[in-house]
Every structure is written in structure tokens, then in C-alpha cells.
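We have chain R; now place chain X onto it with these hints.
Protein sequence lines correspond, in order, to chains R and X. The first sequence begins at 1 in our numbering and counts up by one. The second sequence begins at 1 in our numbering and counts up by one.
There could be a bad hint or two in this list.
Some chain X residues flagged as far from chain R (calculated, every beta-carbon gap over 12 angstroms) [stated by the list, open to error]:
hint : residue
1    : A30
2    : A225
3    : M255
A short, non-exhaustive set of chain X residues, derived as facing chain R with CB atoms under 8 angstroms [as the list claims (entries may be wrong)]:
hint : residue
4    : A107
5    : V110
6    : D116
7    : G213
8    : L259
Just so you know, the hints here were simulated from the structure itself, not pulled from any lab data. Using N, Cα and C, we set each Cβ at its ideal position, and we do this for glycine too.
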Amino acid sequence: MSMVLRRLLTAIPTLFGVVVVTFLLTRVLPGDPAVFFASNPSMSAADIAAVREHLGLDLPLRDQFLVYLGNLMHGDLGRSVATGQSVAAEFARRLPASAELTVAAFALAVAIALPLGVAAALRPGSPVDHAARLIATLGASLPSFVTGLLLIFAFYVFAGIAPEPAGRLAPFMVEPERVTGFLTLDALLAGERATFAAALRQLALPAAAMALFALAPLTRMTRAAMIATLGADFIRTARAAGLSRRTIIVTYALRNAMVPVATTMGMTFSYMLGANVLIERVFSWPGIGAFAIDSLINLDYAPLQAFMLVMAAVFITVNLATDLVTALIDPRAAR
Amino acid sequence: MTRIARHLARGNPLDLAGFALFGLLCLTAAFGPLLVAHDPLATDAAAMLQPPSARHWFGTDQIGRDILARVVVAARLDLLIAAGAVGLSMVAGSIMGAFIGYRGGWADVVVSRLVDVMMAFPLFVLAMALVAALGNSVANVVYATAIVNLPFYIRLARAEVRLRRDLGYVEAARVGGAGDGRILMRHLVPNIAAPLVIQGSVNLGWAVLNAAGLSFLGLGVRPPAAEWGIMVAEGVRFIASGQWWIATFPGLALMLAVLAFNLLGDALRDLLDPRLRT
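Excised from the complex, chain R in its bound form (with noise of 0.2 angstroms):
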């Protein structure tokens, strides 16, 4: 219990840095907001110094800091120019989108890297050992929107299985009932198998698209981990003891093996948050990252500041996750 308290207070001080460096990174983005906001030309000098002052622009760095600070412990992430609208109700609409493409995603990728780093482990050499070798080398080399587009060429266009790369559901289908916000989920609960199963059609060409780019390094990581666990002595020990071939792998190797794969878990989950951003311009998929990048283009700066804010939260919660997950594993990590 200690450890989960220290391992909280250590996420403080870095949560506090990611805050200053989202609000010092916009102060420095080129563009004076509030020209942006008297974007009438007949403006005079002296409305756009009232719109400044409205903004709280004319304040002092550290003021206008505190009052940034203070709007967050408030769960205001400032308001967006292009859309005029508040970014944090913005943000609460699109991000079950990009939750639900990269949750999808990386349970695709840890259903297929777990078994298949395993198998490979436990017959080195054999075909499927070549065959995790080659995923894992050439996964890692894969440009997330590339693959991304080469899926939507192989399976729209040409073969046409797959639907119209844009958005979440197809135009003329009625969303489910909001409950989770994921739409796969939401429909399933509602018992629209129609809409569950078009929901699920848009989802799997962005979420394999991503899997693929997460399955090096899990395949990777699992086969080594297994490989190093299979060699050790208490394996050795156990198999001298008799036990079955299911207790060896399952209970005391995977078991052991888990512990490093827990970390590429982790690692490969906040990366997977930054491939986001690509996979959902390509796919037109209305996600937080498609949001960041389109007001980046736009010079509307507060979406991008609180995007980059939800992702190193997210990415704080996930490290803290997976540490505690570690130590679970095995406790002689929480010392």
C-alpha cells in the first residue's frame, strides 16, 4: 500500500511540469490569440487591447498562469476560436472516439502478440518462431498511416468489404443510446445488432491498422521474456518434479514472463495514444487527435493545449497503471 502511495506522489510533480509546459508551450505558438478573436478588420487598436484585457492576456506570465491553473481545478480547458465552443464539452463528445479506436486496438494486438510470442518461445527455430520474428521486425517498420492507407485501398477500394473510411457509423445510421460512449458497446446494450455490427465494420480497418504497428513490440517482448524464463532454473526444477506441461508454462513461466511484457504493455499503449493522431486523419475519425490536429492548422491553440494535456494524463495514469499491475505480478518490483 505504501508503494501505491509513493508511486502517486512521484505522478505530482510531473503532472505539475506538464501543466506548465502545455500553458508556456502556447504562450510561445506564434499568432496572438486575441487578433484572432477581433477577427472583424474594422477593429481598432483599442478594441483588440479590450479583447486582451477580456482574455486576460495584458496579465503578468505568472497571473495569467494562475488563472490557467485555476480554470482546470474547474475542468475549463479554454474555448476553441474555430468552433466557438467550449473545448472541455467538445473534448467529452470525441473522446470515447478515440478511446474506443485505441482500446480496440490494443486488445487486437496483445490477442495476437501473447499467443504468438509464446508459441515462438517454445519451439525456437520452428515456422512460427520465423514467422513472430518477421512480425516483429517488420511491425516496427511500418508507418502507422501508410498501412492505414494501404488497408482502406486493399479492402474498400478494391475489394470493397470494407465500408467508406469516414467517421464512426455510416451517414444514414442512427447512433444507439449514449451509456459508454463507445458505439460498439452502446449498441449492443441497446440490441441493435445492425448498428453493432456497422459500428464494428468502421472500427476494424483503423484498429487493425494500429494493432499492427503495436504488434512488434509485444510480439517481441514476449517471446524474449518467455525464452529467458523457459531457461531458468525453477523451470528446470518443476519439470524434474513432474508437473504437467500446462502448470510449467502457464503458472510459473507466463506468470514470470509477465512481468517485462506488462511494461512493453504500457509503453506500447502510449505510443499507440501519439500514432492516434495519424490514424484518425486518415480514417476521418472524429477523435480527439483528428480535433488537435485540425485547430494546430487552424492556429486555434486551446484544443491543441488541452489535447496535449489529456494525452500526458493519460500517459501518467497508464505508467502508474502498469507499475502497479507490475508489482502485483511480482512483488519484489514494489520494493
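Showing chain X alone in chain R's frame:
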């Protein structure tokens, strides 16, 4: 060099492929502009959106430019960006990491905290914001990629130096009258070079991906310059109408380049640090 040759002769085909691909890439980057049959920037209204043919092996884009020529010429820019970024962050990061690892104290605390904060951002997102903040140019893509990679080198150099700073040879140098600067630069840094070089070679593939991803989003390199990421971006809107070659060939070139760097990184790691072999 002989060690590399002997290792290759023992024949791990993947390592061999890595070195071969890397050599091919370097040659393309060096001599590519001399080899191509078409001007990579010349437009040709009579030959727009042509599929691959004997005249245009990779086809032509929406304004009739030869895609093969553009893919080949782009190698130089893409590799220079990646090599520049990795070189910068390796040198700066190693020196900073070695210094704080050797000295400890408040500099160590401050830099380590900053590194923690940087690592809390997804790197690609941080690079994106940095390019936006620094200004949209190729040089700034190099700097941004270098900056987001600094933490890896700082952490690695710091850890390696901390392992060694009290070893016998450092002690001997100190007794011999060497100052801190000399011990650091002449005795410690050469001894930690191997892991840093391995990190660098693994990093190169990532740097290529990062830079191409940025220009895919419209950050950094600007049209009409030939660069793989931007060429893929230009081909996106033609995918749906079936003109796959515009985005696919630069995409494949990008993949091959990253693959070459990753294989090279693995080979170097096996070579320089047999303990890490998997």
C-alpha cells in the same frame, strides 16, 4: 570493421539484409539526383495520373511529375533530417546525461525532473507542438525530433556514468591528476559510447517515421519538395478513386528505410553488446 565483416561472414541473413539495405539507402541519398531519368519537380500536363508504365515506372502524380524520380530524390532529405536529429540529440543528450550522472546534486535533480515531464507526453504529439511553436520549417522538424529524443540519451548516459564513476580506472585518472572535465570526456564518455551508438541506430528508424509523420500532417517540409511523408499525404485523396501508386510508392520507400535502420540497429546491438542478444 573486421569484426563487422567476420560477423557478417558468419551469416545472419537478416543482419546482412540490414547492412545491404542501409548501403543502398546511403547510395540513393548520395547519388539519387544523378540517377533519375526525370526532373522530380517538372510537371507535365500531358501525363497526369498515369499508372506505372515503362516510361514512368512508379507512375505520375496529379500534375504529371514522375513518382520514381521524386521517391529517389526524397531519400536525401529524409535521411538528412533523421541523421541530423539523431546526431544532435545523441551528442547533446550524452553530454548532458554524462555530466549529471557524474556530478549528481541539484543539476541531476532538475534535469531528471525535466526528463520525467518530457517523457509524460506522447513523443509524436510533443514533436508536433514543438514544430508549431518553433515555426513550420525543415530545420525545426530536425530540432523538434532531436528534442523529443533527448530524454533517452540523457537517461542512458546518466545511468552508464553512474555505474562507472567510482571504478578503478576513474580513480586512477583522478590520482594521476586529471580534472573532472578530462575524466568525463576522455575516460567515461568513450566507455559508454557503445550503448549510446546502439540507441542511436535504433533511434534512426523512429526519427525517419517521426519526420515523415510530421510532414504527412503538413508540418515541416512544404510542397513541392520531394519528401516521402508529404508525397503520401498528396496521394491520400487519390486512393479512393483508385490511383494507388501516388501514395503507395513513397510509403513503401519509407517502410524500407525504417526497416533498414531497424535491422541495422538489431545487428549492431548483437555485435556491440552480445548480452542483449535475443
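To see whether the hints hold, each was checked on the structure:
At roughly 22 angstroms, the least C-beta separation between A30 of chain X and chain R is larger than 12 angstroms, which holds for a residue marked as non-interface. Listed as outside the interface, A225 of chain X is consistent with that label: its C-beta sits roughly 18 angstroms from the nearest C-beta of chain R, beyond the 12 angstroms cut-off. Look at M255 of chain X: its CB is around 5 angstroms from the nearest CB on chain R, not clear of 12 angstroms, so calling it non-interface is violated. With a least beta-carbon distance of about 17 angstroms to chain R, the hint placing A107 of chain X at the interface is violated under the 8 angstroms criterion.
Nearest Cβ of chain R to the Cβ of V110 of chain X: about 11 angstroms, over the 8 angstroms cut. The hint is violated. Interface restraint check for D116 of chain X: the shortest CB-CB distance to chain R comes to about 5 angstroms, inside 8 angstroms, so the restraint holds. The closest approach between the C-beta of G213 of chain X and any C-beta of chain R is roughly 6 angstroms, which is under the 8 angstroms cut-off, so the hint is satisfied. Checking L259 of chain X against chain R by beta carbon gives a least distance of about 4 angstroms; that is within 8 angstroms, so the hint holds.
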